[in-house]
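Number of protein chains: 2
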Amino acid sequence: MIEQVKQYAKTHRDAHLNALDQFLRIESVSTDPTHQEAMTSAASFVRDYLRGIGFDTARIEETAKHPLVFAEYVKDPALKTVLIYGHYDVQPADPYELWTSEPFEPTVREGRLYARGASDDKGQVFMHLVALEAMMKTTGELPLNVKICIEGEEEIGSENLYQRLREKKDQFDADFAIVSDSGMVAEDQPTILYGLKGFTGLEFTVTGPNNDLHSGLYGGAVRNPLMAMSHLLASMKDTDEIVKVEGFYEDVEPLTEFERQLMQAAPSENYQTTLNIPETVSEKGYSAVEHTMGRPTLEVNGLFGGYQGEGTKTIIPEKATAKLTCRLVPGQDPEKIQQLLVDHIESHTPTGVRVTIKREPLSAKAYKVDPDHPLIVQASQSYEKAFNKTAVFVRMGGSIPVVEWIDDIFKIPVVLLGFGTPSDRLHSPNESFPLKNFDLGIETLIDFYMNV
Amino acid sequence: MIEQVKQYAKTHRDAHLNALDQFLRIESVSTDPTHQEAMTSAASFVRDYLRGIGFDTARIEETAKHPLVFAEYVKDPALKTVLIYGHYDVQPADPYELWTSEPFEPTVREGRLYARGASDDKGQVFMHLVALEAMMKTTGELPLNVKICIEGEEEIGSENLYQRLREKKDQFDADFAIVSDSGMVAEDQPTILYGLKGFTGLEFTVTGPNNDLHSGLYGGAVRNPLMAMSHLLASMKDTDEIVKVEGFYEDVEPLTEFERQLMQAAPSENYQTTLNIPETVSEKGYSAVEHTMGRPTLEVNGLFGGYQGEGTKTIIPEKATAKLTCRLVPGQDPEKIQQLLVDHIESHTPTGVRVTIKREPLSAKAYKVDPDHPLIVQASQSYEKAFNKTAVFVRMGGSIPVVEWIDDIFKIPVVLLGFGTPSDRLHSPNESFPLKNFDLGIETLIDFYMNV
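If you read the protein sequences in the order shown, they are chains L and Z.
Mapping to numbering that gives the first Met the number 0: the first sequence position 351 is 350, numbers consecutive.
Mapping to numbering that gives the first Met the number 0: the second sequence position 291 is 290, numbers consecutive.
Simulated from the structure, these hints should not be mistaken for lab results.
Take the hints with a grain of salt, since some may be wrong.
Identical copies carry no separate label here, and so any pair may be met within one copy or between two of them.
In silico EDC-like links for lysine to aspartate or glutamate, alpha-carbon gap of 16 angstroms or less [what the hints assert, rightly or not]:
no.	residue 1	residue 2
1	K312	E359
2	K312	E154
3	K312	E202
4	K357	E309
All chains, please: the whole structure from these sequences, using the hints.
Here it is in structure tokens:
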């Protein structure tokens, strides 16, 4: 039966690509207030497509900003229920002049579909619609209960989604979730993303004298805020890349030997070449890949104070500011880590200066699902069958807030099944998506839905 | 005879203030190319005044930018020759709206003469002219040979003066120099400035990846340039304010117990109050005043890299830049210190990043004259007699390049006899000069010239 379902997708490929073309033509740029109508059109497209393939419950739900599409299909309450998440909003397309073809006029060149949203995330959302359609049209039903949430604010922080998920917990509740809003570590390399990092951060300012001072008349009498800031930052992480903030590693779930093997087995970027750095630098005892995927980080994102112009200005500046964020791993609590950072800064501030701290209000716990979890095993098998290659299992150093929220609110596993490739140029001009992955991805999804 | 000379100055006070009024009305703003005519007028004023009081040789010398006034009076080649230095150019007067009276319409209020240049340096230059006039008119001659150099580019870096002094060494050569372009540490406190700091500097940039990176995807694989910069800076000076650059203190002339007593005896600013700092911080083993006046410093004047906007941007920035300057004391060679800084930076750069260094081309050696030098002793005595108060002896943490050049080119002592006060608001709106200091300063100069 699976083969017939997959055959349906192949037979109707042209119709599907035509429909996707319509979807991609809608300029659903969520950050641009003049595109409100396009946002509604894109949401309507998704709702109508779902109704068209047999979802009786498929509706647009207004939020304080952009609407989300909710749909539901209950086959048998006793069966498993999946929550499919995706987003129909896209990044702005400018600078337009760097696009080879128009961003909202989808074009195929050398097997790739070029358009804003082709990969992130309309193209991948649409693959789920096709998989669902193929099952409905071939077997007359879906193999499990399905809830669908396609939002319109992912590119601007999903500010209304988190609230909605918490307030309408029952409406969105499911046994597991599936998200295709990510990619594969290399073209043709099935990739199971089974963990994401959390984060927390803060900004702090070291203040010395009440204005910039003449470095000759006052140098030697006052603490230089820039030097005080350097001492403070240097006290937070040593040159072995080990964070020295007391308690920082206390709750870190250690990397198992099995996970370290998985991470080393995944093909990875040659950092030295792609980034033009003399060498990689990672926490002592861990490789760059292990540190990036599985160990917490502390990074200075911005640092400034004093004179920035040409030449020399001999001042002692009145203040220095640093912006810090940490990427967290399972076990670490963002609020606790933020407090440890505050404590460290306050207790390590040199004499002669004052420090003020602004805590970053957004934070997230890390997400991780056991790579041996039956859902993950099933995902990898479906993936491998379609792409004819063994899947790799990786954790990502980045954060996908919605995944962390689903984990936090519903306590259900999230299957991250992404089909993008490193060449997709998300958020940049000439975004594209390989049609091969469109086809094989749909096969993967059909196989997964029918076997899970 | 001295008393008669001083009496001359008193008797002709109104005429002198009228002449000074004319001098101050000339808008000799050296930085403003539209004021070229005013520059020539100011130079002419000085030349004509000198001719009027009996200088046969008094001329305007053109330079590549603004002219300088040179005058010469040879009484007897066997006698001592003094070189009097000053400048007739002034800082721009804007913002005009913050002036209580017009900057180029001199006004007396509560014993102070308000005008741009009243203190820095036309007012003080004019005091020398009056002292010379009083001696000439009273005794028919000057008590020593005099050379005068009043330039027009002090406020813009004296770019042509240094070259002229070197090229025409014989023309300007003297046995000692006198400069009144500074002030007293407190109103009514005769202040002998017997030392200035030298300086050197550089700017350096720590470069990591070839563009800003996503802190989640790359954090743990690359060295963060901002953190590398913090480690580098922290390695250069510890929290005891001791510079850790190897060899930095090697040639430093130590502070004698006598000098430390002089420095402690001078009234000084209450830094905590005036600067609003929790406490002063100085090199371990030295007080703030001792460090500022007599010990070398290393200061970060500017530091920047990464995101500086509102909120959070989770990047690892591609680079970080710092601007450094050192104030040097006698014994230290600016070029050697600059090389030590370069060596330190290069040898302490953490792995994984590259560093590029831009050496600041301007540098200066420190200047110091023995506080027991007969010229200095004479200056303090003349000062004390006029102001009826014991003089304090201080060194200044700042640099006055012309003093360091005179020292370097002519190897002669420079007497820094300044009559400005901390309330003069040099370079700011409402610049002023106390008329009391105009009177007592002229007395001091007369006494000095006639006794030296």
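Status of each hint after checking the structure:
| no. | hint | result |
| --- | --- | --- |
| 1 | K312 to E359 | between (33 angstroms within a copy, 11 angstroms between copies) |
| 2 | K312 to E154 | between (41 angstroms within a copy, 14 angstroms between copies) |
| 3 | K312 to E202 | between (26 angstroms within a copy, 11 angstroms between copies) |
| 4 | K357 to E309 | between (30 angstroms within a copy, 11 angstroms between copies) |
The structure meets every hint from the earlier list without exception.
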